[in-house]
Amino acid sequence: MTDDDIVITGMGVVTPIGATVEDFWEANLAGRSGVVAETRMDLGGLPCGWAAGLIPDDVRKEVAERWGGPDRTWGDTLLHCVVDQALGDAGITGPIGGEAAGLVWSRVWPGPSGSFPQDYAVHFRELGERYRRIGNDPAVVLENLRNRRLSAEASDHSAFPVELAGRLGVPLIASRVEATCSGGLRSIAEAVRLLRLGRVEVAVVAVSVSRNTQYVLSQYGQLMALSRWKGDPAHSSMPFDRRRSGMVINESAGALVLETAAHAARRGVTETHAVVGGWGLAVDTTHITAPQVGMVERVMRTAIAGSGLTPDDIDTVNAHGTSTKLNDITEARALHRVFGERTAELDVCAVKSLTGHGSAASGVVETVAAALTLGRGVIPPVVTCTEPDPACAVKTSLTPVERPVSTVLKNSFGFGGQYASMVFRRPERPRPAPVR
Amino acid sequence: MSEVIVTGTGVVSPAGLGTEPLWSAMAAGRSFFDSDGPLPWPVAAVDRGTVGWPPGKPWVDNRKYANLAAYWAVEAARLALRQAGRDPDAPDHPGWGDPERGGTVMAVGSTGDELGDVMPRLAGMALDDPRPLATLLYEEVPDYSYIRGIPSQLGQFVCMTTGFRGSNVAAYGEVAAGGLGALALALRLLESGELERVLVVGVAPPSSVTALASFDRDEPIGTEAVPGRGPFDEDRAGPLLGQGAAAVLLERAAPADAPAPRALARLLACETVVAADRASATGLAVRAALRRSGGRPDLWWAHGSGSQTADREECSAVLPQVGAVPVTSSKGTLGLATECSALIDTALAVESLRRGQLPPVGLLRRPDPRLGGPDTVTGTARPVPGLGTALITGVDHGRGTASAGALVLGGVTGAPGDHHARREEEQ
Numbered sequence: 009m010t011d012d013d014i015v016i017t018g019m020g021v022v023t024p025i026g027a028t029v030e031d032f033w034e035a036n037l038a039g040r041s042g043v044v045a046e047t048r049m050d051l052g053g054l055p056c057g058w059a060a061g062l063i064p065d066d067v068r069k070e071v072a073e074r075w076g077g078p079d080r081t082w083g084d085t086l087l088h089c090v091v092d093q094a095l096g097d098a099g100i101t102g103p104i105g106g107e108a109a110g111l112v113w114s115r116v117w118p119g120p121s122g123s124f125p126q127d128y129a130v131h132f133r134e135l136g137e138r139y140r141r142i143g144n145d146p147a148v149v150l151e152n153l154r155n156r157r158l159s160a161e162a163s164d165h166s167a168f169p170v171e172l173a174g175r176l177g178v179p180l181i182a183s184r185v186e187a188t189c190s191g192g193l194r195s196i197a198e199a200v201r202l203l204r205l206g207r208v209e210v211a212v213v214a215v216s217v218s219r220n221t222q223y224v225l226s227q228y229g230q231l232m233a234l235s236r237w238k239g240d241p242a243h244s245s246m247p248f249d250r251r252r253s254g255m256v257i258n259e260s261a262g263a264l265v266l267e268t269a270a271h272a273a274r275r276g277v278t279e280t281h282a283v284v285g286g287w288g289l290a291v292d293t294t295h296i297t298a299p300q301v302g303m304v305e306r307v308m309r310t311a312i313a314g315s316g317l318t319p320d321d322i323d324t325v326n327a328h329g330t331s332t333k334l335n336d337i338t339e340a341r342a343l344h345r346v347f348g349e350r351t352a353e354l355d356v357c358a359v360k361s362l363t364g365h366g367s368a369a370s371g372v373v374e375t376v377a378a379a380l381t382l383g384r385g386v387i388p389p390v391v392t393c394t395e396p397d398p399a400c401a402v403k404t405s406l407t408p409v410e411r412p413v414s415t416v417l418k419n420s421f422g423f424g425g426q427y428a429s430m431v432f433r434r435p436e437r438p439r440p441a442p443v444r
Numbered sequence: 125m126s127e128v129i130v131t132g133t134g135v136v137s138p139a140g141l142g143t144e145p146l147w148s149a150m151a152a153g154r155s156f157f158d159s160d161g162p163l164p165w166p167v168a169a170v171d172r173g174t175v176g177w178p179p180g181k182p183w184v185d186n187r188k189y190a191n192l193a194a195y196w197a198v199e200a201a202r203l204a205l206r207q208a209g210r211d212p213d214a215p216d217h218p219g220w221g222d223p224e225r226g227g228t229v230m231a232v233g234s235t236g237d238e239l240g241d242v243m244p245r246l247a248g249m250a251l252d253d254p255r256p257l258a259t260l261l262y263e264e265v266p267d268y269s270y271i272r273g274i275p276s277q278l279g280q281f282v283c284m285t286t287g288f289r290g291s292n293v294a295a296y297g298e299v300a301a302g303g304l305g306a307l308a309l310a311l312r313l314l315e316s317g318e319l320e321r322v323l324v325v326g327v328a329p330p331s332s333v334t335a336l337a338s339f340d341r342d343e344p345i346g347t348e349a350v351p352g353r354g355p356f357d358e359d360r361a362g363p364l365l366g367q368g369a370a371a372v373l374l375e376r377a378a379p380a381d382a383p384a385p386r387a388l389a390r391l392l393a394c395e396t397v398v399a400a401d402r403a404s405a406t407g408l409a410v411r412a413a414l415r416r417s418g419g420r421p422d423l424w425w426a427h428g429s430g431s432q433t434a435d436r437e438e439c440s441a442v443l444p445q446v447g448a449v450p451v452t453s454s455k456g457t458l459g460l461a462t463e464c465s466a467l468i469d470t471a472l473a474v475e476s477l478r479r480g481q482l483p484p485v486g487l488l489r490r491p492d493p494r495l496g497g498p499d500t501v502t503g504t505a506r507p508v509p510g511l512g513t514a515l516i517t518g519v520d521h522g523r524g525t526a527s528a529g530a531l532v533l534g535g536v537t538g539a540p541g542d543h544h545a546r547r548e549e550e551q
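Top line first, the protein sequences correspond to chains A and B. What the first sequence shows, in this note's numbering, is residues 9 to 444, in sequence order. What the second sequence shows, in this note's numbering, is residues 125 to 551, in sequence order.
Bound conformation, chain B alone:
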């Protein structure tokens, strides 16, 4: 079992900024899908007007290198820092530990629509343009576009606001399994003693039409966001699309370079596995995570993509290992935000442990009897033990994929000896 704690979470979602508004919206049974877009797939979209860019010279100077994903990633990071009691505008505060002992792990994909409005127009222009193609692109593509599209570039912006200069790496692709892969990588950085704290940030900006078409072929995307189309419903018809960013700040419970931080939850284990198929990978990841965390969980925050196949595979792999525990999924509320979704679910699960309540599955009307009887939360939030443990699962998208991950969180009490209390005793 690891000695790593969660000290802050931040979410940029269709519910606005912060983990709490999203959790509350989910608890209230809200869904955020908009079916009025140009594509056949409803999307739970982030209101771009809610996200700003930090003030100050270095931020203004470097804004030219930032794309929409960078804006969202930085915002989520700053929210997580604030929850952890850190001032994102003063990243080098001396009481917050050695900057070289902090790091960043990004969870990102390559499906963003960086130049979706630019390249088709340039391509049309190129048909009559005498310039060689490379010359045309050299002269016409907006400056810094290439750099803006580099995944770990987002991480450098995150490092600017955290002040963490120990390392920066992106875990790339594989949808929710990739998000858990980023958390697993961060956990290893902490367990190895190389770093004392790591901010893990996932970001899922709008995808290009080509990427969505490809996703849809891999495993059909849902076209209706109405009751009955949510995860685990017998009439579910494919994952619904989401967007967002989420940040989870992980710290060693007893860092060598700073006072013990205040814990929101304990991160007991996180595993990702590639196996012969998605169901096998899910089963193996859950088995490994539960073995490391010490037993069955008290609740299960499922991936619950809403795909007929994926939900069946997930339930068949997980239920035999967890037994009768309450289950929820966020996908009926805010959709599948690709690599970011596992980070969002982790933030929401932390909030559930803090509140001692598990919010219901959005758009779930009739639980599918063929799934083996998951105890899905419906209607209103259900009380769960705040001191319990939460299993979070995440899988890749696509019928031919074979990646999955599992993470186990433990609640904290604030009682003497607990990480929460330790911080308060020090103060």
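In isolation and in its complexed conformation, chain A is listed as follows:
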């Protein structure tokens, strides 16, 4: 490791399977699913989408009480929660000094009524009553809105960046980015770029996604992208299984603290989670939603080459693994192209099997899993892949695979032709697991 290396020194998550990094990791290794039947709304008429990766109610309540506020959206509340964890994990408890810090963040806009189906139902009923009463003339609608409370979501305004600037005691060079489901890895890449260009020495990446409303579910249903599994909801997301039928959307958030190794060392931090290697980014213009094998292959090869490695140097793959028919076969075929005969022995994990798909947040949450794989020498199982698809022919395991791991290749792809792949390396001195 050199002083110029970019290291991950802090991590935080809120997911359906754990609201701390250690709980999340323990659930990953135990194969404990956070995918449940979505009972907060009637989804019986949809051809798919009855399951969701939901943050448990008790966790939601605890997060809201500790990090929520009267004018703070749920998405921002999640951001504060995960950033708090990550900063604490990095040992940053107060002002960090220096001229500026970096922030690359993303919060998927859930719509003007916020993240929850009950709020959406109220919003839609009120919208209908208003339409019946006054129609949709803009002037009359505006008059109707006067003296009504407008949610913070109405203008998608967020105080999160300025609040974080205050907490860190420095101005932020901040970017709020969106790159569909590759947005998490994209955010990490932009933060690393800030660090490598010497613009900052510390950068925070934070992404939250929570938009399980009737509207969003209905639209993913239209796209036929959601799981149609009718058995145990916990098995709805089954990446690389021959019975997979679609993805399960979730709510989740993740945060990372990234810094130059030199800066970390000056703070006395010598044990880190991971070293960020190279990445590949690409956009495909041939199809709006369908992934392409060649594009997946391209970003993986670029990420590996940009890390100064060859495919033979990659120890394991943390897959995008959404559980849709097309994504998983496309990703698998690309893995075969890149890794050839090695694919049969290359351990592949797919965190979405337990959490569902958190869009941009997945890239950060799954990077946390990748970092822990490096540090702890354990590759999480894919417990829902009980009937591996021979067409995919990738090596998943029903139990954790314990062995030293020096490199992880992490993939994320998304609608709109978005492709991202990134390599993470084990640091010389990995952060040991805490004593629990």
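Rather than coming from a laboratory, the hints here were simulated on the basis of the structure. All of these numbers come straight from a predicted model, not from anything done at the bench. Ideal Cβ placement from N, Cα and C applies to all residues, glycine included. Watch out, some of these pointers could steer you wrong.
Covered, in the sense of this in silico footprint (three residues per stretch, anywhere, with C-beta under 8 angstroms from a C-beta of chain B), are these stretches of chain A [unchecked claim]:
#, region
1, 61-73
2, 202-214
3, 227-241
4, 281-293
5, 395-407
No farther apart than 30 angstroms at their CA atoms in a straight line, the calculated lysine-lysine pairs in the DSBU-like style are these [said to hold, decoys possible]:
#, chain 1, residue 1, chain 2, residue 2
6, B, K181, A, K333
7, B, K188, A, K333
8, A, K238, A, K333
9, A, K403, A, K238
10, A, K333, A, K403
Here the structure of chain A is known, so what remains is to put chain B in place on it, guided by the hints.
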């Protein structure tokens, strides 16, 4: 100082298509606001009839995924490409560099009115409809609506016309600060060597009534578009609303995969900052940009929102750092086009450097003496050094916001050794 140049700009505005018509209209003292709309806020609106959709099979096939913002974004992109000498209908021309070394950055917000005509009607229907809400929406919402609303989806359309397949990302929100944030992100992509060229596109379609109401509460929107209500006027009464799209093509001055392109201007620095408050952020962003670009600018293209508070904050943060330089703002001509406005201002500032003239501030009648004496351009366009440098500032909207950005452009001469001349020598 960066080695990045501007090679093309494109604007879709109330003045029509292209940067030049808008610059000329501004120089002529025109304003484009229409006060006859249903809302109390005048709007400088884009004539939707001026914007088309490209011909050909892939464009026809994918039109179902395109909304109004996509139409505008693609049009602005194609204008910028043409100015740069690229044919937007032949994006894979072999002489234009490696497609994988080009990228797109979008500047967008989430206030568009995608389903403004549809959802209220469906909501009214739902009151008597026995179907569960999700089922009703599944069956009644027009297909592809969700995809059409994804910000980076616009970028994929832009990539179709540029042929740039290196990457595509959207910088999201924060009004003009977000637009400069998109340019700053693009500049970092180029400075890092990851890409050779990036097209940055901002788009501001009409906003929903709810979003406008929320904006108005954050910081009151102007209700009169008459002389005296423009930026920096002592009687200014809030930002006026604008619409539009703008594209700025940035390229490395000496790309590794293609001949050196012709420069319209140099992009010397671009910084965005979030700080304790908007004035602090503006001051810090300007300081950082000027430090990187090497000194004071020769002109200042201000954000100049027309808000009493924002103009005061902006002047107090910028004037001590730039001294007595001529100042203009486009907001009295075409309003605040949210995230797109900084891209429009960048395109107009490039045009000013090329012409050696700075157009006047629209709707400015009596400069506010409490602003610290900005040398605002009034009446007619004022000569400025074409070889000089231009500072462009952009800030977020809302009294509680704390984001701002600053960009510095440098003029080009066409003299030997200049990027412009290098291209001509090669030809």
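Fill in: Violated constraints from the hint list, given by number and in increasing order
1, 5
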